[in-house]
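**Q** Assemble the complex: chain A is given as a structure, and chains B and C with the ligands must be docked to it using the hints.
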Amino acid sequence: MLDGRGALRRRAGLRLWLSAGWQAVVMLAALFAPWLAPHDPLAQDLMLGRLPPFWLPGTEPGYWLGTDSLGRDVLSRLIHGARVALIVALVAGTATCLIGSTLGLIAGFYRGWTDRIIGRLVDIWMAFPPVLFAILLIAVLGTGLSSVVIAIIVIDWTRFCRVVRAEALNQSQMDYVHSARVAGFSRPRTLMAEILPNVLPVIVALLTLEMGIAVIVEAILSFVNLSVSTDRPTWGGMIAEGRIAIHHVWWVLAFPLAALFLTVLSFAQLGEGLRDRFDPVLR
Amino acid sequence: MAEALFRVEALRVELPDMTRKPLFGPVPRLEILKGLDFEIPRGAVLGIVGGSGSGKTTLGRTLVRLMEPTAGRILFDGADITHLPDAAMRPLRQRIQMIFQDPMSSLNPRLTIGRIIAAPLNATSRDPRVAEALGHVGLPAEFVHRYPHELSGGQRQRIGIARAIAMRPDFILADEIVSGLDVSSQAQVLNLLEGLVRDLGLTLAFISHDLSVIRRLCDRVIVMQTGRIVEEAPTEALFEDPQHDYTRELLDAIPTPDPTVRW
Amino acid sequence: MSAFLEIRGLSAVLRGTDLRLLRSVDIDVPVGTVRGLVGESGAGKSMIGRAVLGVLPRAVEIVEGEILLDGRDLLAMPPVARRRLIGARTAMIPQDPLTALNPSRRIGRQITDRLVDILGWEPARARSRTLEMLAEVRIPEPERVLRLYPHELSGGMRQRILIASAFVAEPELIVADEPTTALDVTVQKQILGLISELQARHGTALLFVTHDLGVVAKICDSLSVLYAGKVVEDTTVARFFEAPAHPYSAALLAATPRHTDPASSLKPVPPAVMHAVGAEIAAADRSWRPRHG
Ligand SMILES: Nc1ncnc2c1ncn2[C@@H]1O[C@H](COP(=O)(O)OP(=O)(O)OP(=O)(O)O)[C@@H](O)[C@H]1O
Ligand SMILES: Nc1ncnc2c1ncn2[C@@H]1O[C@H](COP(=O)(O)OP(=O)(O)OP(=O)(O)O)[C@@H](O)[C@H]1O
Ligand SMILES: [Mg+2]
Ligand SMILES: [Mg+2]
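Residue numbers (our numbering), protein chains in the order written: chain A, 1 to 283; chain B, 1001 to 1263; chain C, 2001 to 2293.
Keep in mind that the hints were calculated from the coordinates and are not lab data. For each residue, glycine too, the CB sits at the ideal point set by N, CA and C. One or more of the hints may lead you astray.
[Said to hold, decoys possible] Listed below are the simulated DMTMM-like cross-link pairs for lysine to aspartate or glutamate, each with C-alpha atoms no more than 25 Å apart in a straight line:
id	chain 1	residue 1	chain 2	residue 2
1	C	K2189	B	D1080
2	B	K1034	C	E2152
3	C	K2189	B	E1240
4	B	K1034	B	D1080
5	C	K2189	C	E2136
6	B	K1034	B	D1258
[Claimed, not checked] Far from chain B, by Cβ distances over 12 Å, these chain C residues were calculated:
id	residue
7	P2057
8	A2059
9	D2070
10	A2251
11	S2287
[Stated by the list, open to error] Pair ranges (Cβ atoms, derived):
id	chain 1	residue 1	chain 2	residue 2	range
12	B	E1240	C	P2123	53 to 59 Å
13	B	G1135	A	A20	40 to 46 Å
14	B	D1080	C	P2123	40 to 46 Å
15	B	R1095	C	D2113	48 to 54 Å
16	C	S2287	B	T1226	19 to 25 Å
17	C	D2073	A	I220	55 to 61 Å
18	C	H2151	B	D1080	33 to 39 Å
19	B	E1068	C	A2254	31 to 37 Å
One chain only, chain A, in its complex shape (with noise of 0.2 Å):
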């Protein structure tokens, strides 16, 4: 009332639940995706091509976001795409995360040698271009899934591993971890309880912000077509397609453009509503 911030709080909790709500449209239409789609993503049927979403004239009742050129249900496509990018999000986000917050930590707080060793690595790892890497990757391993997860994890672990040194480093020059030192605690016990939950809000806001650039990555493997085969249906590859025929059918290409925004913008918003919400420091 005699301040902005409590209407700058609740637009802040207004923010947290659009994203969370946008994230839970995602997660169910990933799980769900064969029962909730209408139609089968990859039955072509060219009598039914290039259709228009539901709000324009001309269309074909159940196809509510129109077709493409091949006569694909574009909503259904978009549904089970969203499999692939959350599995991308999830899996290579979290596993960045802990590969690369662990050996940042630990660099951060032990110092010495072990501190040069990981500094070394990520200094010569950083010295790669990081597409070129990943084509480089996507090579030798092969396209597929997998193939694009572990592509991430092994560009994208340095960025935690660096920011999450910095801070862990910072923390550990607190008068509280001395005090913990006083007090009696082991090195690890020192790291686990004093040094993580303060390291903890770094690590989340990166962590969110990786599962939007996994997402992001994996669209772009796919748009240049070294991601999944092309059976299986990713925004990535249906951006690339919708690019091809923008000119007769834009719906083909906008709605994975809005999905593809949507989910990477909401992860970012996630991570901070989650800190303002959560963070005892914040709040």
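**A** For chains B and C with the ligands alone, coordinates are given in the frame of chain A:
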């Protein structure tokens, strides 16, 4: 006479001086403690006074083995702990506690007060010792649910005190712990420490620049200036007849609660 | 003449509860005077300073009262106008010289940025004014110090920098929250001398939070004694040290040690007095109703 609890011989501490780090070659070292000798008898209260930057905190951190001495020896209870490795030091930790100067950074900002006090005891925040420790420092038991930033400066300082005394240590190093408190809370904390010294045989090293507090609490006083001990005397003697100029300067700078006296 | 800062009936609660942190506080700080704010730890001294500067923690909510700065009620103003007014006409000297300066930026920039970015001064003018101010707080070689980083200065020097940056824009009100608690007595003496000299020369109104009655005796004109968020005594320094009116302030004064007199030593405020103020506050609370709610 019985063996002193702490015995410090020719203690030196050097730190790398990062502000004058050359582009190549070794970092020059800054000598912060320049050879200190003193003892803390069992059950005694030693005051350590001196100006900002004289090395009081550094001395304290070296005693509790948070900093590595460059030369000299530290004996605790007859045993040489100067270079004792961390693992061997750990069983002794419960007996040697420190209360830190900066209450904000010495309390973990993301843990509740209850956990901050309970963790060193390997207990939960519902443990009766937690509430008891809070009571000792004059804070209500409800504070266990709060986070450090939800307390006033003085209340935070008292949490640090509660955490140390809950461990029932043999020795406490208190670094400037009452300067952020009002007189009444100061008196309360000092009474508490005096009680622990009297009843439980606690040994105390009390760092402060407030000489009125030192006078009230300590048996002996060490006056430090730029890393050296410039005067060491029993409290009464120091106040009645200060020997060193610097000690006199410290005494003169204390603001007296009397607006008519020129300062 | 009306006071530059007038706080009227200010009450604040812990958000979402009816636990009162400030209880109908009235405080005046006329132009050119120093008002001390004393009381035990947790009494709400910093809270009042933060309310004036508009930086209360989220968990604290003002439920009634007015904070008049030069006659204009800060609490009734839209946030942007309020921030501008506070930014242009007040300043603060924080408690902790170690954390109040950004460790990775040069001293000069930290002082001039505020002048240039917030008050819209010409960079050249901001710089020359800053140099003048550093000279006023007796920093040797001000030109050189402008280019240093905070860690290259001692605690006492840093506190002087903070004082210089508080006075640099000629604010009409300064809130100082225990500005010397972190310093040793010899440095404290210099710094307090400096603050009262500058305050007198610039005619600043100064709200000085402290728990040290010795300090109050040396630099304040009037003082408010706070207990549990309530002003229990509002008086001049001369009168207070001669004969404090409220039993709690009397007990506080009696508890203050004088190192010159070993018989007077630190003692807690007697329980009887604590009970009496507690009862007084409970009685006031029973008759208190927030004006809107
Ligand atoms: N990590 C460090 N690196 C370099 N110099 C340091 C470090 N810590 C302390 N110093 C220097 O060592 C000296 C002694 O510092 P110390 O903190 O022990 O002083 P102190 O007596 O506790 O002062 P205060 O009363 O201000 O707390 C100071 O000159 C300080 O600048
Ligand atoms: N963020 C917060 N959330 C909840 N309570 C708070 C918060 N900050 C302060 N308080 C409470 O408000 C009361 C007043 O705090 P304040 O910081 O004003 O005390 P103070 O008089 O400045 O004390 P000190 O001399 O110890 O600094 C205290 O009881 C404190 O516990
Ligand atoms: Mg110190
Ligand atoms: Mg305060």
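**Q** Against this structure, judge whether each hint is valid.
**A** A quick look at each hint next to the structure:
Note on K2189 (chain C) and D1080 (chain B): the hinted pairing is violated, with a Cα-Cα distance of about 41 Å set against a maximum of 25 Å. Under the criterion of a C-alpha separation no larger than 25 Å, the hint pairing K1034 (chain B) with E2152 (chain C) is consistent with the structure, at around 21 Å. Proposed proximity of K2189 (chain C) and E1240 (chain B) is supported: the alpha carbons are some 22 Å apart, at most 25 Å. Simply put, K1034 (chain B) and D1080 (chain B) have alpha-carbon atoms about 20 Å apart, close enough for the 25 Å limit, and the pair holds.
With a C-alpha separation of about 16 Å, the suggested pair K2189 (chain C) and E2136 (chain C) falls inside the 25 Å cut-off, and the hint holds. Proximity of K1034 (chain B) to D1258 (chain B) is assessed by CA-CA distance (about 39 Å); at most 25 Å being required, the pair is judged violated. Consistency note on P2057 (chain C): stated as away from chain B, yet its beta-carbon is not over 12 Å from all of that chain's, at 7 Å minimum. A cut-off of 12 Å between C-beta atoms contradicts the statement that A2059 (chain C) is not in contact with chain B; the least separation is 6 Å.
Interface exclusion of D2070 (chain C) from chain B stands, the closest Cβ pair being 29 Å apart, more than 12 Å. A2251 (chain C), annotated as away from the interface, has a beta carbon of chain B within 12 Å; the closest lies near 8 Å. The Cβ of S2287 (chain C) lies farther than 12 Å from every Cβ of chain B, with a closest approach of about 25 Å, so its non-interface assignment holds. At roughly 57 Å, the beta carbons of E1240 (chain B) and P2123 (chain C) sit within the given window of 53 to 59 Å.
Distance hint for G1135 (chain B) and A20 (chain A): a CB-CB separation of about 43 Å, consistent with the stated range 40 to 46 Å. Checked against the hint of 40 to 46 Å, the C-beta distance between D1080 (chain B) and P2123 (chain C) comes to roughly 60 Å, which is inconsistent with it. Judged by the Cβ atoms, the range 48 to 54 Å given for R1095 (chain B) and D2113 (chain C) holds: they are separated by roughly 50 Å. For S2287 (chain C) and T1226 (chain B), the hinted distance range of 19 to 25 Å is not satisfied, since their beta carbons lie about 59 Å from each other.
In this structure, D2073 (chain C) and I220 (chain A) meet the distance hint of 55 to 61 Å, their C-beta atoms being roughly 56 Å apart. A C-beta distance of roughly 34 Å is found between H2151 (chain C) and D1080 (chain B), which places it inside the suggested range of 33 to 39 Å. As the Cβ distance of E1068 (chain B) to A2254 (chain C) is approximately 47 Å, the hint placing it in 31 to 37 Å is violated.
The structure does not agree with the numbered hints 1, 6, 7, 8, 10, 14, 16 and 19 stated previously, though it agrees with the rest.
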